[in-house]
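So the protein sequences, as listed, match chains A and B. Just so we're aligned, residue 1 is where the first sequence starts under our numbering, counting upward by one. Just so we're aligned, residue 1 is where the second sequence starts under our numbering, counting upward by one.
Calculated from the structure, these hints are not laboratory results. In this text the structure is predicted, and so the values were computed from the model without any measurement. None of the hints are false.
Computed footprint of chain B on chain A, listed as stretches where at least three residues anywhere in the stretch have a Cβ under 8 Å from a Cβ of chain B:
id, region
1, 74 to 80
2, 104 to 110
3, 336 to 350
For every residue, glycine included, the Cβ atom is placed at its ideal position computed from N, Cα and C.
2 protein chains.
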Amino acid sequence: MKKIFKGDIVYTKSPAMFEINEDSYLIVENGEVKEICRYIDSIPSDCEYLDYTGKLIIPGFVDIHLHSSQFFNIGLGMDKELIPWLNTYTFSEEAKFIDLEYANIAYSKFVSDLIKKGTTSSVIYASIHKESTMLLMDLLEEANLRAYVGKVNMDRNTIDELCENTDESIAQTEEIILSSKSDRVKPIITPRFVPSCSTTLMKGLSKLAIKYNVPVQSHLSENTNEVEWVKELHPDIENYASVYNKFGLFGQTKTVMAHCIYTSDDEIELMKKNGVFAAHCALSNFNLSSGIMPVRKYLDYGVDVGLGSDISGGNTLSIPQSIVSTIQASKIKWLESDKELYPLSFSEVFYMATKGGGKFFGKVGSLERGYKADLLVIDDSNLLDINKFGVLERLQKYIYSGNENNIIAVYVGANSVNH
Amino acid sequence: MKKIFKGDIVYTKSPAMFEINEDSYLIVENGEVKEICRYIDSIPSDCEYLDYTGKLIIPGFVDIHLHSSQFFNIGLGMDKELIPWLNTYTFSEEAKFIDLEYANIAYSKFVSDLIKKGTTSSVIYASIHKESTMLLMDLLEEANLRAYVGKVNMDRNTIDELCENTDESIAQTEEIILSSKSDRVKPIITPRFVPSCSTTLMKGLSKLAIKYNVPVQSHLSENTNEVEWVKELHPDIENYASVYNKFGLFGQTKTVMAHCIYTSDDEIELMKKNGVFAAHCALSNFNLSSGIMPVRKYLDYGVDVGLGSDISGGNTLSIPQSIVSTIQASKIKWLESDKELYPLSFSEVFYMATKGGGKFFGKVGSLERGYKADLLVIDDSNLLDINKFGVLERLQKYIYSGNENNIIAVYVGANSVNH
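Next up, chain A with everything else stripped away, as it sits in the complex:
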């Protein structure tokens, strides 16, 4: 099946610059980009033609760290740091997902908001509950989105309702892996973070990851108190990253670690060596007074970095708002580092929000040949005026001052997503 999209097409092939194709044709075959042409002779008769002349066509956004079971908590409890925030607001909300009916209401709203915000691929923490995690996977599949979804594993240091029996936690994770059949929505092993997981649990999860070649997600060095706590829990292991690495959850299969603020050079080097992705969550790191990730340093080391909305530490699923905050945070980091860590540019952060995070999924997040045709159509007419703006200026205006109302169509694999 062939489709041709026409519009002002813009994406990033590399972090350094945008690829701009004004008033051009994006040709898609079997859900993948075939080519972009400035002119075509005629529209073949076997081909669906989608004319978005004058609109921006960009890759769908990629969110590589978020907590779906905290969706209803968005905007609440922003006066606390990580550990008290978890204990006061978050764990009690997550506990509700034992109730499938509650999960159905919450996850339906969550999936609908993901689409509204233009996020076509995401890496998701669900909750500890097997059934509601599988329900979320079904909802994402039906909605035609791409996702990795993780049943959360935790067997220590949490409230009773969320504290699992170690063997059951592993067994239920395996059940989800075995029952999963989708190409678009897949399971991911999700030890919450070191303080929530016994060594037995971590080792067991690593075995599963390797046995079934399933990826892994977790949190790393978000808050100084958390880092201290990990040190107390594992005084014999040299640093936080090495705890995961020792127990086989740090790149033994494809892995993403959220936050990565208080990491040593050794830890960043280990991430590079093991091919571990970093999910940068600027909004959450602001809201929970966590700090600012030195993203420039990770890029200099060659670590793959994508963006995470990290709801509900982050206060919105909007990746454009994460892009703005990421650039802003990098500017403050530049000042804090005596102008050593140079601010991130607009193209660098747009790349993280699309192809950078998309790499975790494969050929996702770009509009180069062979990439999945995951697209957003942006009507930015309300942001324009009597001045003449180029495509790149229009994209900047949309990201910096537009909102979800500007997204008029969402496609995944060139299929329209109900929006």
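Model the placement of chain B on the given structure of chain A, informed by the hints.
Just chain B now, with coordinates in the frame of chain A:
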């Protein structure tokens, strides 16, 4: 004329806490709040009743620093610091306002966006052009908003099109003052900032301010290069604030200074002594890599602080987005200051965004007895779910994750603003 508004009424009388009146009646006479009652016997027949049951009723937002002539530049040029940003993007846009037709298009859109975003009172930099400044004042008056509007004064260190003759600059400013008759939209003396104003100009403007008792606005210590530049221009004066003070533009009449990032303790003390307001512009300070204002320190000194969107250094007129960024910035400042400057709370920043900045206008920004009935009605139903949220949680959700679509009505002095 008496009006009664019913809804979930919330505002800040002091920075420390919210006043919450769930499902209550706000009684207004002659555009001012008379009282808030939990119950009333009946609606008097001479009284207009506005039933917003289940909606939030909050004070209109107050923006005490923004550049209206940069409205079309929103979202552009965010890769530069202050001085190059001014020279590359800003001055050339402002120069267009010599054309009244251009000004009419731009300012009409600007006023309409102010209303959409729920900003009922603002302190505005226009451009150097007398006619378009007066046009803006007319548009704001017609729209039923409150504002101080300043014709910008600059006679050095700018592009030719914006560099005024000193005497003409003063004369035109006086013409605007003399022609101004509105109670809601008033002139404000607006020396752009020290580098743009000769001492003759500053002295002349001070004379006008005192002669007609007109307030003053300017910029103070936004960027380290700017501070250095002021030192070079006025090597004999001890600091930036003292330059304004020496030339009579620092509290001799009511004064607001934007940014105030790199101020010494002496300068903050002088602000307190002279009753000078600070306009905190968190979004702009992030975007232009300026730094973070130590707001807590100003509050400890007892300086009045309000919020400024500072478009187009700031990337939106949305004061809710400024509230979120202000809280976020204060959390980073807390970390930067080794946890000495405690983060700003939600109520403290909501206060700044309403009553704190509103104080510059008089009894504006609160819903206490005698305050102007400047109100927003917020329909937050799309942000709610099956959980039961209190009024304060709903307000937080709206500020952190809502947008302009949630504002369903705007009133200034209890009169509906076309929106």
